[in-house]
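Fit chain B with the ligand to the known structure of chain A by using the hints.
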Amino acid sequence: MSGYRIHRPGERINRQKPVSFQFDNVQYKAFSGDTLASALLANGVRLIGRSFKYGRPRGIVGFGAEEPNALIQLETGAHTVPDLKATQVELYQGLLAGSTTGYPSLDFDLKGLLGKFGRFMPPGFYYKTFMEPVKAWPVYEKYIRKAAGYGHAPVLPDPESYDHLHHHIDVLVVGGGAAGLWAATLAGRAGLKTLLVDEQSEMGGWLLTERRSRIDGLSGMDWVNQRLAELASLPNVSVLPRTTAFALHDLNLVQAVELLQDHLPLTERNAALPRQRLHKIRAHQVILASGAIERPLVFGYNDVPGVMTAAAGHSYLNRYGVAVGREVLVQTQNDAAYEAALDLAQCGVKVMLADARQGGAAAWRQQALKSAGVELLLGHGIAKVLGDKSVSGAQLVKLDGRNNQVVGSGPRLSVDTVLSSGGLTSTVHLFCHNGGRPVWNQQQLSFVCPDEGRDNIACVGAITGRWELSEALGQTHAAVAALLLGHGRGSSGNAPSVASEEVAAPRAIFRLPDGKPEGHGAKAFVDYQNDVAAADIHTAIRENYRSIEHVKRYTALGFGTDQGKLSNINGFAIAAEALGKPIAEVGTTTYRPSYTPVTFGALAGPHVGETFDVRRYTAMHASHDARKAEYEVVGQWLRPWYFPKPGEDLHAAVNRECLATRNSVGVMDASTLGKIDVKGPDAREFLNRIYSNAWSKLDPGKCRYGLMLDENGMVMDDGVTACLADDHFHMTTTTGGAARVYSWLERWHQTEWPELKVRFTTTTDHWATVAVVGPNSRQVLQKLCTDIDFDKDAFKFMDGRSGTVAGLPARVFRISFSGELAYEINVDANYGRYMWEEVMKAGAAFNITPYGTETMHVLRAEKGFIIVGQDTDGSMSPNDLAMSWAVGMKKPFSFLGKRSLLRSHTAGEGRKQLVGLLPLDPKVVLAEGAQILSNTDDTVPAAMQGHVTSSYHSAFLGRSIAMAVLKDGSKREGDTVFVWAHGKSVPAQVVSSVFVDKEGVRQHA
Amino acid sequence: MLVITCPYCQEAREEEEFSYAGEAYIARPAVPEEADDATWGDYVFHRKNPRGWHWEQWQHVAGCRKVFAVKRHTVTYEIAGSWTLADGKALYLKEQA
Ligand SMILES: [Zn+2]
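Protein chains in written order, with full-length UniProt numbering: chain A, 1 to 1005; chain B, 1 to 97.
Treat the hints as calculated values from the structure; they're not laboratory data. Just so we're clear, the structure is a prediction, and the values are computed from it rather than from any experiment. Don't take every hint at face value.
Below, a sample of chain B positions facing chain A; criterion: calculated Cβ distance under 10 Å [as the list claims (entries may be wrong)]:
hint: 1; residue: M1
hint: 2; residue: V3
hint: 3; residue: A12
hint: 4; residue: G22
hint: 5; residue: Y25
hint: 6; residue: R28
hint: 7; residue: W40
hint: 8; residue: G41
hint: 9; residue: G52
hint: 10; residue: H54
hint: 11; residue: K66
hint: 12; residue: F68
hint: 13; residue: Y77
hint: 14; residue: L85
Derived DSSO-like pairs (lysine-lysine); straight-line CA-CA distance at most 30 Å [said to hold, decoys possible]:
hint: 15; chain 1: A; residue 1: K581; chain 2: A; residue 2: K523
hint: 16; chain 1: A; residue 1: K923; chain 2: A; residue 2: K645
hint: 17; chain 1: A; residue 1: K796; chain 2: A; residue 2: K679
hint: 18; chain 1: A; residue 1: K757; chain 2: B; residue 2: K89
hint: 19; chain 1: A; residue 1: K796; chain 2: A; residue 2: K702
hint: 20; chain 1: A; residue 1: K984; chain 2: A; residue 2: K923
hint: 21; chain 1: B; residue 1: K48; chain 2: A; residue 2: K898
hint: 22; chain 1: A; residue 1: K679; chain 2: B; residue 2: K89
hint: 23; chain 1: B; residue 1: K66; chain 2: A; residue 2: K891
hint: 24; chain 1: A; residue 1: K679; chain 2: B; residue 2: K66
hint: 25; chain 1: A; residue 1: K898; chain 2: B; residue 2: K66
hint: 26; chain 1: B; residue 1: K94; chain 2: A; residue 2: K757
hint: 27; chain 1: B; residue 1: K71; chain 2: A; residue 2: K280
hint: 28; chain 1: A; residue 1: K898; chain 2: B; residue 2: K89
hint: 29; chain 1: B; residue 1: K71; chain 2: A; residue 2: K757
hint: 30; chain 1: A; residue 1: K581; chain 2: A; residue 2: K389
hint: 31; chain 1: A; residue 1: K890; chain 2: B; residue 2: K94
hint: 32; chain 1: B; residue 1: K66; chain 2: A; residue 2: K280
Where is the CB? At the ideal position from N, CA and C, for every residue including glycine.
Same shape as in the complex, but just chain A (with noise of 0.2 Å):
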């Protein structure tokens, strides 16, 4: 009733060594190379799975990339993949899998009934039938999308690695069969660097099912041997088996992903290597002979399990010793599936061919088939299958010779199987993903490439529509020859010799008619994932869908897994014929990346955790874990958050890091603040320019803060910048903005000001800091250092020094971002650790706290110190922030963004400002990011005054402070505003945002 093994000679399976599986629960045997779906075939598993839409039984159409149905889950756990194809998974020993679909099981199908009631469930059903009531759709769609969809994404890490690899090469070759093989081997012979991959294990193509050709008086095998050993013996040539390539885009770039280790058994595979790797091919020529796919012809019933496409027939028995089935009908419009005809009856199945056209395949070809047995109805057409889960029978009706019309009633054929051909279709899929357009060719019915290729990609085989292996050759050596020549190449060696045969036109159907409407007899699959069939596509039509793209959307066809290998031209085909207009003016939906499905894993590659996005830690990184840091990701970089003790929550331990700093002294790594090294004759110019503030007059030994604009005169950086010589300086930026600082000094000195002498070296990395801060941070530097004066009048706040601190050459600034007298000790990268921990012993006596980057934010925040890109967010000018001290307006060159704050609208009225808030419930910490209304009328849409950028609970001030952007705000200090925030308002007074030390005392102490 279903599949057996039948011994091939030439077969790919290795009869020595069996394997065993599992699927669905159920132990089988076969053999080392069989596919998952011979080997289920092998052992006479029909039904795979249900279908998409309706629930119907389903079972293997094809046997490779083109198939629709056999989507199964393969292993479990973190191994889990989904959605493979049967026909694509290379059997190894106790390979588990499992059917994706049959809810609640694949035997009793809960859409199956629901299928039964099939003609209700036009296209659009699920949104024309649950779209009321809206509010149900949550309840339906529970129910619908757990009876839908096929396998499950894993949901562990993966534990494979993947790798990706860079070629530039001069030919890449896409396709291994006769044409790719022929195509390498003049490329290699011409020393060219060329790379050869093709999607299966082994390199063959077509001549792995089809025997009987003869190239150059070998057997196609051998003559595939000899083309494999010459390119091996060519140093010049790469073969990569198993490696799709599935997308070209500009420039010849083409991504190719090799499946390393996907054949091997879990237990079996090196840990060491990727699983895949994906390959990143710029290749000056592409030459693409990704061959052609055999087509079903689309007539009732054509879904049930042991319909297939004569080629997969064909491949079973030839490739895998899997003869489909006993009793076998061969439908066919063209001469190709003669040849499954023929090879089947050969080996002892019982096969009957019916063949659309009146008149047959070429006379040698009847001759042969009636030789072997076969029974030949020409002009004949399957009007219906029989069977529910496996075929039956089929039911046969006359056809009309001009026209797709039913003339007669046919025989009723008791078969197990059918398989059937409705032509090829070549696989233009990347030839059109970056623009090229295939061309209809009405005698060999297909979308082909055109034979002149564009620039710099060449189309040969199968590809341009040449099904017939000697014009396949003579063609690709002609289209390789001439491409060698216009890169300055000869080609050696003639085009290989093949007889050629007598062969007659295919007939030009693509649904076999049964004689009533479409819509009214049994349902003819186009699709066989998504469960589109030909009725549907004459629905969308008729509700008014013209245009084949929309058609696609309407009804799906062409969507999923297999992208409509199998269904495109037939769908598109009767599209036309509804529509009343060749197929050459329908045209054909757009392809896309990817060809077949790519793993995530292959695209990440080894762009993973922190590959990715790279984590940097600090030099003292191991003193923090010590101190049981909690930490935070600021930038790449992981900065201690705060220092909590044993039983402490972040807001304890922050009121204690706050205090302690604010009375004794508290300690901040502070070395991931960007730093570049600014030198060079011109570099104070250089300042003068890019910051908003002047820099003539700063000496040596002196720091200075500067904002840095954009021409547009938003603010968008800050930092402290230090004079060490005349003409060299040390730039601070914010820490996530430090590689952008770089750059833009870099690009406006190229740009525009190349005549001024100065560069820039970054050194983040070099400089590690050690921020010492609090009325007792002189002491603990004075018990560090003894060749720096610390005296409050020589080293003076916004003073820098060198000297040695800790037995380390060292620069120290006198700088605060807290209000606080401070010192940041500059040593060493290298001697960031111990310079941290030598702070820690010195402050000892003070109990020095360490602190992070919560208790740094409330310190600032204490004293209205803005933190660009909180406190900022691009539209922000100097006077908006209430900087304008910051602003040397009267500097001769017209500083980066000088202009842009004299414009009308920069300049005007209404703009949001910085300003303070104190809600009146000092114990209310105001939602950062909430609204800020006039009044506590609230009715939307509510006129919006600003928004509050930093909020915290000062534990010195024993109150909640916060800073906000308000409209006007520098005239509004006083007011009392209102505050929006999950669904309340709270009432807050208008300050200024120094709310600590506003005569800056403590900072000068």
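Below, chain B with the ligand alone, put in the same frame as chain A:
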């Protein structure tokens, strides 16, 4: 993905080594204070955005860090060439004339 030749390194390299750095040869007004709001606004905000050949700046950020000029077709992504800013400018001005 483009393949870009750095005129300083004199090598064709993958796009991922480079950063786009905007339209090339935008002239900053010599005396910004003398430019009216419209002129200044044009300089700050308005870009050509052509359909066709476009002169643009790229920076070899993962290489020599030099900014240079590239003439690229915005439809076909074809690159006509790349030059140092100074060399490219002469060509650019000739084309504009
Ligand atoms: Zn370079």
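Contradicted hints - numbers only: 9, 10, 30 and 31
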